[in-house]
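> With chain A's structure known, arrange chain B on it following the hints.
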Amino acid sequence: MREKQSFGNFLLNNAMIIFMIGAAIVVGLLRPTFFSMYNFKNLISNTAVRFIIAVGVSGCLITKGTDLSAGRTVGLAACIAATFMQAADYTSKVYPNLGELPMLMVLLGVIFVSVLVGLLNGLVIALLNVPPFIATLGMQTIVYGACLVFTGAQPIGGLRKDYTNLSSGSIFNIQMLPYLGLFALIIGVIMWFVYNKTPHGKYMYAIGGNENSAEVSGINTVKTKLMIYMTAGLMYGIAGFLLGAKSGGASVNMGMGYELEAIAGCTIGGVSTNGGVGRISGILIGVLVFELLKIAMQFMGVETSYTYIVQGIVIIIAVALDIRKYVAKR
Amino acid sequence: MLEYVLEMKGVCKYFPGVKALDMAEMHLRPGTVHALMGENGAGKSTLMKCLFGVYKMDEGEIIYNGEQVKIENPFDALQKGIAMVHQELQPIPERSIAENIYCGRYPETKILGLIRTVNHKKMYEQTGALLKSLGLNFDPKAKLGSLSVSQMQLVEIAKAVSANAKIVIMDEPTSSLTRNEVDTLFSIIHRLKESGCSIIYISHKMEEILQISDEVTIMRDGKYIGTWTSKELTTDLIITRMVGRELTNLYPKRENVPGDVILQVEDFTSIHPKSFRDVNFDLRKGEILGVSGLVGAQRTELMEGIFGLRASERGTITYLGKKLRITRPKAAIENGIALLTEDRRGSGIFGVLSVADNVSIASLQQYLNFHIMLNDKKIAQLVKDNVKKLSIKTPSIKTQIMSLSGGNQQKVIISRWLANDPDVLIMDEPTRGIDVGAKYEIYCIIAELAKQGKSIIMISSEMPELIGMADRIMVMCDGRVTGFVDGEQMNQETIMELATRFAS
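Protein sequence lines correspond, in order, to chains A and B. According to numbering that gives the first Met the number 0, the first sequence is numbered sequentially starting from 0. According to numbering that gives the first Met the number 0, the second sequence is numbered sequentially starting from 0.
The set of hints was computed from the structure by calculation and includes no laboratory data. A hint or two may mislead.
The following label-pair restraints were derived from C-beta to C-beta distances [to be verified]:
id : chain 1 : residue 1 : chain 2 : residue 2 : range
1  : A       : Phe171    : B       : Gly345    : 47 to 57 Å
2  : B       : Glu461    : A       : Lys324    : 44 to 54 Å
3  : B       : Glu60     : A       : Met255    : 55 to 65 Å
For each residue, glycine too, the CB sits at the ideal point set by N, CA and C.
The following block holds chain B by itself, in its conformation from the complex:
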């Protein structure tokens, strides 16, 4: 048996202006789970896309089953037995689960030996058997769109399994899974391993990595740093090797002092019966209120409801003693409320526009000459001030925002809101998809804002982050608020118990 089922050596990949991969390597043993780690922008996903044939590598070689191979495109990769579960899912929600799983390789029968048709019966049977073998209790004929995002993720993994892959690449597979689903995933991984399949596992969650993987390869700035067995690693060691320096403080010191209540939400209920309902909470001046809960707890929906992006059936929002009626984001913004959305690319950045436009777009009305003409000088000054204040790394303020890293994009959007000088800043997963170094910078910004007397609502799925940052944590489950914790009670066990209050 070969020592390595797959080796990638000397892989280089250039994008306009960046060297995304610089002599990257990967050595994968058969039947193992191999974690690939690194900060965002370290080149993990790029390396895997080269392996899966999405990108063409500019230099380097792939040795698969002892032979040098060229992988032209994803179809070619699948033919060779390499499957990938994408970070961003690309499902077809209007079609059945089975059709999604067998998309592109439907079992066929020939009518009169000539006309090719899809053998639906066989497809549904095979899918049923597959799902059952993986412990997934879905109807193969159900529309994929009827599943939750995390369930779709599991279907995506089942799809990779069904391809009889020798290597399965999983790019952040657990980012939207609940605890139970993660367990299901892990049992699937074990099953795959036993059948001799190798798994390349990309994740930012250290505990998960140490639990599931056999070996860990660490990358930094597109370069190969090294491969270690998981047994010789600790969270600290991984972080040190990922960032290339010691990280002493995970969270900044907070000097904010919560004052009087400025925002009261009472009886707030969505028009959708399964979404948020009967929500009551208040927010103090200069307070950081954490919001915890599992995926599907409707935290995002609640905040979007408060911000006017989603409709509510009843309930009141009282702000500085005044009852607000918010049906559009514009109204919320005019009242000093800001929302940093969860999906940065989908509803945060304007990809093709410049950093300057991205910063100023929500506050243009403040920079008008003669009520109509924009004062370009003032706007440029605003942007430059923010770039400096939040240390946004960008070649120029005219650079397209999509060429910046995730952390810098996030800072740009934070400055967009700060330009409006809001009193309440709702941040939905502010550090998602951001590397460790930049996370700390975002924490510092949050701490500083709270110190200045701004009230922050921070949704996060990373409990240590909430415990480290928040003055108080509101926990939600199934659309309802199940409790508040602060002080001594702020620990993972208490929060977890509240977050699973109504879980079946």
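Next comes chain A alone, as it looks inside the complex:
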């Protein structure tokens, strides 16, 4: 049985989504090219990568944690991927004597590194009981440093065609169906399954709902949290790999601030920072709407510097509205 909602409450609970879709429609009316095929593909590709990152962060948020190392881990993943996916004939290769590696092998290598970062996050949080905010903030800097060391602060270009094609290509060459969208969809379905149909998913919601009760109920909270932060790392690895292909190159600045976008997308999509609540479908909507807003601002010719300000405000408002739901219930 669903609680009856008054219309006003419905508006407030979905205020961010309604506002942003409204804004997009207005922009579309003012700038008709907004509804073009090219722009649509752009939206899907942008959303796809950020959705994968947001899904990774969502597990942390649902268990009342967070992951501020997300963006930097994505960046590191992209740099590693790009380094090993440079074309053989590219003149300034990082490893000139390295032949062409199988793409799957590089992907697995990237995933190994990012899952390792997630594991370290998990160990510090679950075993040492360091607050997730601090633990992952520290990790953010560590990963950035590691990335600087690894790349020597040099940008990496000259990527292989088959790699960049992951991003530029589309199914049956239909513009509307870029590969990136497909990857995101597959990941979304798998993670939906994990969240809703496996004990691990239920344990995750339980820990977020009440960690003490979870412990008493025999849930291995340490193991569950480790799994969650490792899964998050897995997502960042995949996202970073795709991001490298999408950007046609990589540098240490890649992925900066993505964790906040991901957290914003989750919160707009109904993942509660209070823990225990959140759905994959909601995250998709949240990220999509957030991207829509960003593209709308681009179309209106808003300078990038200003879009940061707007993004920050959106994040704060989204969390404020979320908290409001729980305060009102007292």
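Just chain B now, with coordinates in the frame of chain A:
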């Protein structure tokens, strides 16, 4: 002098889906102790939170000192001379007693007449004098966290007194106090009364109510039932008016037959020197073992130790002839032991999750397809069976558990454990904060489980409940087992004597 210092009339308060208060009333005479009674969910706390400005009432009026007033928030209430001692304490354990008492209204001095600073000297002096006048022997500079929960409760009451309140609301103030502390509290109440202060007293303990109060207001389902002087009331009369029906049996008939010993605890000792130590007891199949003791007797700690939530230094647990090593609850559960914790909200329910998730969470491994996928159908069936079997009142199995009443929440957690089919069920204060009607249902469940051959360990602070339910009672004092009573010996005097064996 006015007949009433405070009147609340026609108070209505709506929460999503519920009418929590429906034309509630309250008439408080100056200088009296006025008990507010009703089952859980009757709206007592809600009414008091409206008075204290925590909630805004949707309808109704408050007449205070003969004038109609609006109370916007707790600060406003305090300014007007209304103080409240909360059911759930909200202390700041890392700060001193004095700082807790004067929190938000520190005595100040101004440096150069400009910069406001806290006058610590004055604050400590005033606190010292206050505590002394109330017969409390605490150091004002001590960290609040160094006190026991019951001592903190007394500090909380001192805080209300220090606000020079005209009305003090006490919401279940004795729920964690020992007998001696209750006496201290009562003497504080008498002192307050003499100074012309009125007290609104919420409690479930009938004897206390009849002892301390002048008048009693009874509420049921958010409605005002009536106000009587305590002299014309008896425990039975109060219960009848609270539930709105006659309660014939307080406890169900028990048909369990204790069999062989299945669990032996020997020499069980905590890693903390002041917690449980040298504990020896055994538990029979199909037995209800009561555990009695005062607050601080370490009963909860002992049971949590057995369950693997707390560490033990030495001792053995032998279960069906097998020595167990339990360091985490998971191990206890896998061996067929279950623990219903004392703090339902803190370590029992998953508030934001559904009734279904709350029932199934500890037994999900039994409902897997292909070792990974949950069988939703089977789980729904399990939940529905339990909802029916324990008559859990919920609109749907998908309802969030926090919207259910305390009694129904407790039943949900009991079904969570039953889904695992444990042999030993440890229940820590299973009826705390549950209304009279639902208590009886919980007793029936316990009696039925014992009849089925499950062994029950039941901790309770309500002695009549233990005497009514248990086959045998283990009494603890200061972390040690001081004795076992059964049969004829099961009376309050014997138990009390054992429970205060080492009391200073």
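> Each hint should be assessed against the structure and marked as holding or not.
Hint check results:
no., hint, result
1, Phe171/A - Gly345/B: 47 to 57 Å, "holds, 56 Å"
2, Glu461/B - Lys324/A: 44 to 54 Å, "violated, 37 Å"
3, Glu60/B - Met255/A: 55 to 65 Å, "holds, 58 Å"
This entry does not satisfy hint 2, going by the numbered hints stated previously; all others are met.
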